[in-house]
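Please arrange chains B, C and D on chain A, whose structure you already have, making use of the hints.
4 protein chains.
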Amino acid sequence: MIGVAVVGYGYWGPNLVRNFWETPGARLVAVCDLRKDRLAAVRSRYPAVHVTGDFDELLSDPRIDAIAIATPAAAHFKLAMKALMAGKHVLVEKPMAASSDEARRMLEEAARRRLVLAVDHTFVHTGAVRKMRDLVQDGLGDVYYYDSVRVNLGLFQRDVNVIWDLAVHDLSIMDYVLPERPVAVSATGMSHIAGEPANIAYLNLFFESKLIAHIHVNWLAPVKVRRTLVGGSSKMILYDDLEPSEKIKVYDRGVTLNGSSQGNGEKVYQMLVGYRTGDMYAPHIDVAEALEIELRQFVECVQRNERPTADGNAGLRVVKILEAASQSLAERGRVVELEHMRRIA
Amino acid sequence: MIGVAVVGYGYWGPNLVRNFWETPGARLVAVCDLRKDRLAAVRSRYPAVHVTGDFDELLSDPRIDAIAIATPAAAHFKLAMKALMAGKHVLVEKPMAASSDEARRMLEEAARRRLVLAVDHTFVHTGAVRKMRDLVQDGLGDVYYYDSVRVNLGLFQRDVNVIWDLAVHDLSIMDYVLPERPVAVSATGMSHIAGEPANIAYLNLFFESKLIAHIHVNWLAPVKVRRTLVGGSSKMILYDDLEPSEKIKVYDRGVTLNGSSQGNGEKVYQMLVGYRTGDMYAPHIDVAEALEIELRQFVECVQRNERPTADGNAGLRVVKILEAASQSLAERGRVVELEHMRRIA
Amino acid sequence: MIGVAVVGYGYWGPNLVRNFWETPGARLVAVCDLRKDRLAAVRSRYPAVHVTGDFDELLSDPRIDAIAIATPAAAHFKLAMKALMAGKHVLVEKPMAASSDEARRMLEEAARRRLVLAVDHTFVHTGAVRKMRDLVQDGLGDVYYYDSVRVNLGLFQRDVNVIWDLAVHDLSIMDYVLPERPVAVSATGMSHIAGEPANIAYLNLFFESKLIAHIHVNWLAPVKVRRTLVGGSSKMILYDDLEPSEKIKVYDRGVTLNGSSQGNGEKVYQMLVGYRTGDMYAPHIDVAEALEIELRQFVECVQRNERPTADGNAGLRVVKILEAASQSLAERGRVVELEHMRRIA
Amino acid sequence: MIGVAVVGYGYWGPNLVRNFWETPGARLVAVCDLRKDRLAAVRSRYPAVHVTGDFDELLSDPRIDAIAIATPAAAHFKLAMKALMAGKHVLVEKPMAASSDEARRMLEEAARRRLVLAVDHTFVHTGAVRKMRDLVQDGLGDVYYYDSVRVNLGLFQRDVNVIWDLAVHDLSIMDYVLPERPVAVSATGMSHIAGEPANIAYLNLFFESKLIAHIHVNWLAPVKVRRTLVGGSSKMILYDDLEPSEKIKVYDRGVTLNGSSQGNGEKVYQMLVGYRTGDMYAPHIDVAEALEIELRQFVECVQRNERPTADGNAGLRVVKILEAASQSLAERGRVVELEHMRRIA
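Protein chains in written order, with my numbering: chain A, 30 to 374; chain B, 30 to 374; chain C, 30 to 374; chain D, 30 to 374.
Chain A with its partners taken away, still in its complex shape (with noise of 0.2 angstroms):
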């Protein structure tokens, strides 16, 4: 059984818990939060857990084995480092740290203890994902494009810019699903409110091969978009998160290169490009919820000393490309190289 501390229990910290809360092989622990209020609720819902506002606490009881931080990501690094100096496993919030520096140190503290850090990048446990990457490790052929909406009118955020907050998650995703790593990132983006971070954004992610990626982040949307467009030499896909039932579709569509390229003309390139226009299906995805497939990867991970689908080099990719994006934006779009991507694996 692997003791199990949450710590923050604000908007997405009581999703942990009622996970954790049935996850087999963990037992809750504690939860902390400096407000009273929430761990009022906490002591309501849940008699039987600990509640306390000191952090310091769970590092020196030796029920707990894991730590879950669920905080602003500004504390992230903080609280983690303490949790794995004292010898705990942690799970961490997305993303990771607030800087690449930060998550690196992270990484490199838990490896040098052998401790799990896992990164909670939700979505690369749904079931719409992980068909997703089946789907472009074995059927797509050479991968085009990745292109990513991600918009709606969402909550502003004062501490962290649009790109921290929304394309997080199509990085996460995307570090999972492709076979490759991008090498340069540039972003363009504006803050329409005086004083306020980048509400709008628009990434491109360079590869090395032909490869393009283009993520669009916006919190001033009229209407709610989840949509991504991947495009393969031999099929398709769109996935629609918002979707009920049909989220990822696949089409048999694409160009095709036939003959030779003898000759010139019309007629030769006629030849040379045709169009395939073919079935689509709508496999049948797993609906079971991400979060607990996540948790019960954690402990198992714990309990195996194994590296979860989402570790600490997979956080570190993804700070480090909201890193050198929000730099690019404020640089008009100037294209930043992500140096030394392919060695953190």
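Just so you know, these hints were derived from the structure itself, not from any lab. Errors might be hidden in some of the hints.
One copy or two, it doesn't matter: identical chains are merged, so the pair holds either way.
Straight-line C-alpha distance at most 20 angstroms; calculated EDC-like pairs for lysine to aspartate or glutamate [unchecked claim]:
id	residue 1	residue 2
1	K160	D281
2	K253	D315
3	K239	E225
4	K253	D308
5	K253	D281
Then chains B, C and D, alone, in the frame of chain A:
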């Protein structure tokens, strides 16, 4: 009665011919094409119309007051200049020319000879786009962003990239709808078929104000999308050209700034930024054929020596952006300034 | 403070319990269910609430003023009658009872004892249905038709057919929204699984005016549909409960009769019947949870001895139609008169 | 070469004329209409085609082998009989005639003279409907239900009710797709405009098996819907004719009966009825124009003396149902038996 000749009876020419045939005040005198089978098609359909393979014949025909040019873009400049020099009014397909230099010379020639030079930016004559312009000018408040997606599994063009083929529509609509001109552009994209022009591209347009615009075009998408979002401080628009009857939706949604900014912390923030989620309405849209309205206006402009909605200036502005965007695309998204855009009016 | 007990902790009971727990003015005293594992679930979630397998215990408990019954419909009558006879106010799940005779006796018992008898027609407390009622009462003109489709791949019920399971929702909404009561009903349908009740059915409802209503319910549909069309002489409504934000759309569309009917032939006809295709709008809908509003109202009705929106009369009217429709279904759609519907008010 | 004349150049006639003009093996000889302006329209568009206001002229013209009748339905019988008696093959618009008696006499006359009598059930020649027939015949399992909705804000017809105008499409599709013929029909509906025929109607079709069919037609709907659901024991189909590219969706969904029926109670039930929710796929649909395929087939049938897909028998079956449904509608949905449907083949 204005005598008209149409040059080029390929993809779009037949629409011009069919509509000029019905336009009050116009008399379709001749159709010119180099391909004999195309001329035969005209002859069987419009026995009364003169057909010819010799463009110069049109120039000396005194029955012809205006020439509509629907050839590939590479030929626009040469044909239009000849027509203008022969004293003919000109309606030219979009894009107006293959370069901004050509477009400018066409513009100057028409001005010098006091001839009408219209560009066939068909979309600006649709009910939906005219409604969108009305809304942007009155009701949207400050315009925050203009975001357009125009993707489908489309015919590859050999001679132009996807920007010249698809984004030209969005740029001509944007030029008509927005109250401001862009000052710079950047574009990223890729060609996935060796030896062919870019088949996917993303354009960013920068303005002096906080307005930003973005256009996504793609010849290799599994689904067809024609969607534009325009966000303003008071209202927001969703324009979906594939909707059969509700092409324009207006949302009473957005951010409200209220109260003073004194103090600090979360409370003040909550005071300052509030959300507004009100009604949506879809105004009734005039469904008259855009080309019919456009040609009717062209004939009236010739008769009264007036400027059409999409004149040579609009054509030039659009070509300047296309040109700069293609240049940027070749340099991985370097920002290219658009000079003197405000003077082209 | 009104003391409340909930009977039946199966599919819907947990929602009643959760909401009563939060309802101002209510105190959740006890939960009753025959299954021990269900009671254990209550105990772990609400340690302060008394749990019991003995319904009669509730009757003699002076802390309990009202009993909410969420058992299978077959048990409603017996439990509700016992509760009423013990002087408890009652909130009963829909359908109110297994027959109109039962429903009538419950109604009479409650009236005799001046107790509140509410039926849990949850939908009539949603923002969408309340808006629809407002529109029907003011703005739609004469109501021409009410057409509803409620289909999906749904759990087969062993004891009731699809009408009692699904159409009960539409009938309770219709009862609330329409200004008129039906005078007769017919229904056709089929059971495709040997030995099981009908899994698909179509209901026609006849009125004294020209209004007609139709309901299509189906447990064997590949897609989920929840759509209601209400046509009026001035406006029309589309209510799509699966739309996340625009559940109600109001269309300014219809037929206009104009001019006099003198003369004959096509010209006169054209004069008489014209089409109107105007704007559509989607009013902002209150998204508060319907059950929360309903329970709050139930508590207020008990406190002030008032009648709830969906009282025993509404429940009886719906059961009468369900009963008559099932009878008609067994006779290949024979029209069954609904007597005295107007008196049940 | 088959010489063809088209009678009636109103709403649909121009489509027949345009397509016959292009159909290999056919020569469009003449067009007949009583209205001079309609004939003038033909003359300017097809100068080589003879135009006339005198139907009898066609009968004696030896160049004419076949006559296509696109007049209002009331005139079909008289014109078709004259044509057949003059030895001409006939293609007649749907509905085939104004009564089943007329249809039967046309059928008999054609049979007696060994002439082709085709009915223009255009939809049965679309790629979507042909695909649906293939699926129903192989893959769907036992067909459980056929449910169709065809509603919009449509032109009121003065002389026929909405069943004859809209349901005729569904009935002709159903006749082609289903493996069984209906044995009885009932219909309810209403006229909301005084003195006009019913503008909304619901049809039930009864079969000897457990198959049931239902058709909803409405001229007064705010939105356009063209949706058909076909449920089978193995698979289910959604046919949405307004979908631009995925008109047919096939769902691997349904109920599975498994295990034996011994024992009783809930457990057994759970054993017996299980749910299957598998993949969905949208097969690629042939997009060739249906009318082109149909006329090509008509010409071939004339040349080879074969029976077309939609022959006089199909036309008669559909008219019999229309007739019985109208009768039922006038009697508040009384079930009207359809006799001898199986013999009409």
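Going through the hints against the structure:
For the identical chains of this complex, K160 and D281 are neighbours both inside a copy (16 angstroms) and across copies (18 angstroms), given an alpha-carbon limit of 20 angstroms. For the homomeric pair K253 and D315, the shortest alpha-carbon distance between copies (18 angstroms) is at most 20 angstroms, but the shortest distance inside one copy (23 angstroms) is not. In this assembly of identical chains, K239 and E225 lie within 20 angstroms of each other by CA distance solely across copies; the values are 13 angstroms between and 36 angstroms within a copy. Taking identical chains as interchangeable, the C-alpha atoms of K253 and D308 lie at most 20 angstroms apart only when they sit on different chains, with a minimum of 15 angstroms there against 28 angstroms within one chain.
Taking the shortest Cα distances, K253 and D281 sit within 20 angstroms of each other only across copies (15 angstroms), while inside one copy they are farther apart (27 angstroms).
The structure meets every hint from the earlier list without exception.
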